[in-house]
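A.B. asks: One-letter residues, chain by chain:
Number of protein chains: 2
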Amino acid sequence: MSERTELEELGEFGLIERLNPCQQVLNESTLLSIGDDAAAMSYGDKTVLVSTDALVEGVHFDMVYTPLKHLGYKACVANFSDIYAMNGRPTQILVSLAVSNRYSVEALEELYEGMRLACKKYGVDLVGGDTTSSSGGMFISITVLGEAEKDKVVRRNGAKVHDLVCVTGDLGAAYAGLLILQREKAAWLANPNMQPELKNFEYVVGRQLKPEAGKQIVEFFEQNSIMPTSMIDISDGLASEMLHICKQSDVGCELYIDRLPIDQRTSKVYEEFKILADTGALNGGEDYELLFTVSQSDYEKIKDHNNIHIIGHITDKSMGCNLVTPQNTTIALKAQGWNHYSKKEE
Amino acid sequence: MSERTELEELGEFGLIERLNPCQQVLNESTLLSIGDDAAAMSYGDKTVLVSTDALVEGVHFDMVYTPLKHLGYKACVANFSDIYAMNGRPTQILVSLAVSNRYSVEALEELYEGMRLACKKYGVDLVGGDTTSSSGGMFISITVLGEAEKDKVVRRNGAKVHDLVCVTGDLGAAYAGLLILQREKAAWLANPNMQPELKNFEYVVGRQLKPEAGKQIVEFFEQNSIMPTSMIDISDGLASEMLHICKQSDVGCELYIDRLPIDQRTSKVYEEFKILADTGALNGGEDYELLFTVSQSDYEKIKDHNNIHIIGHITDKSMGCNLVTPQNTTIALKAQGWNHYSKKEE
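Chains A and B, in that order, give the protein sequences. Heads up: the first sequence begins at 57 in our numbering, then just goes up one per residue. Heads up: the second sequence begins at 57 in our numbering, then just goes up one per residue.
Honestly, the hints are just simulated from the structure, not real lab data.
The list makes no distinction among identical chains, and a pair is therefore deemed to hold if it is satisfied within one copy or across any two copies.
With a cut-off of at most 35 angstroms between alpha-carbon atoms, the simulated DSBU-like pairs for lysine-lysine come out as follows:
1. Lys255 with Lys125
2. Lys125 with Lys303
3. Lys216 with Lys357
4. Lys390 with Lys357
5. Lys102 with Lys206
6. Lys125 with Lys330
7. Lys176 with Lys208
8. Lys271 with Lys206
9. Lys266 with Lys255
10. Lys266 with Lys208
Whole structure, please, built from the sequences with the hints as guidance.
C.D. replies: Take a look at the structure:
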């Protein structure tokens, strides 16, 4: 071949853009294609949302510290999160699984037990899948289908100047949990008789191993007739997701660093690792919180919700995407999140 | 753990049954769950079909003789085939891909080029996906969505006593192609200067590398108001698929060995490999032909179609599932198809 471009030169999002040039839509039912958390199909007064997400052993999870039941649960929740990010409700999943025969049937039952638990909690039916062998590690790809009312789908491209930027829950916890698990793994590899030291880290480790998705927030929106102008789930870090919203909405933003919601138990971990907690909150992945924008006219409706935090506002595109420090200086917002193709990745 | 059951003890279908105990359906839209070629959801007067299929490097394909463009094409067609097998029409796909960074961006563009070709030919929109890295080989999981009219979905469980058993096209060709490719690979490994000898094998190699799905047959059914009583696509071999239909329809069958449609170019390959062509036709996988049953009252409608072959009929369950030889003796039908967990697999 005359040309060779390495995958890490493009990164995941560049690769998706390169591999998926704009195509003519061939089916009437195709409403939304690549570019949001889920694709959308139109059937009568229902919009059917669909999204797929892959988890690869050694890339997204490490069998040393990931119980199979948790893995099954997390794989489902990560997919449900994509549907909530479109303001929809997950309804069905299909599970595609490749495993080597070093796994026993009982091990896979553990994995499925976790998936069934997640499905039950979120009201989702497991309707199909494919199970095959793998010569390498485990690969789990889940496809989730969801539903939304016709005019209730929220995309990434609707943020308007002056809109409020909001996040749910608290940030950086899942990555803090990963740091702890990786540290304990390293200690265990050095001394296999050692017991992992996870006491005092239950919260962050729980956020890493058993995340939850934004069901209650989407229900709150419905009960209070709130339509976010844009929304995305935080799987790759707040900074990266905010830049997606700004790019697709053709706007800029200002986020206030001292408004970033960070749990004390998370800050303590970053302190131990000599990482700024703000950096963890901005770039740590897998929190599965929702990042959304609402019109200022919705301020009264959201201001008292104890799980929604207003962290900034949308600006004109010409202003760029910025962080505002407590000293009122401005720093350009940059995504330093996960790049699964990077050789520098731990 | 107290118990350890090996995956190969159960095989793929046993595993699916064990991992997916009957679940209570939680969503009104869930129409059909595990047990057919696709799951089905109900939206107004439309039935939405969805199926997922995984292809794993080293298990389902070998990079030595699989051009990436063909691989992309085949991965799509295999999925479309599941929708046709439900008497539906594929409309959208999502592609979940894990690749190591030994692949270049240009290599993945080849793969996607093949997928786009298949989508264009079959009128399907590529609406989403996930691309991630893999520490091992390539893993492709495609989810396909399709549509069918409300009362037109054909399942595996509707075959009735006296129904005619039909297959489309010809059988055993894809496996014959695989035998040739594996032979040429072995010769090439022994002597890397050797050129592969594929002349005279274009047909079978083409059936292995670039299969097609049953679009025209499903259109023929629609134009002629034919509703098969049951249907399945032949991905694991005719014998295995026929047993699925019989099990789920609670019936038996008689298939006439001398009625199995086998192309001369396919028979010649089996002759070379000293394999009975009937064995290849019964057990060779990946033909992606359709196996279906129709009521005898539809005989006039199908008898002159040059791509539909009547190979037997449905009997009472008590008669079992049988092959009838040209000498009119009866042999029990057994599935010797692919078991991806078997250690005996080449």
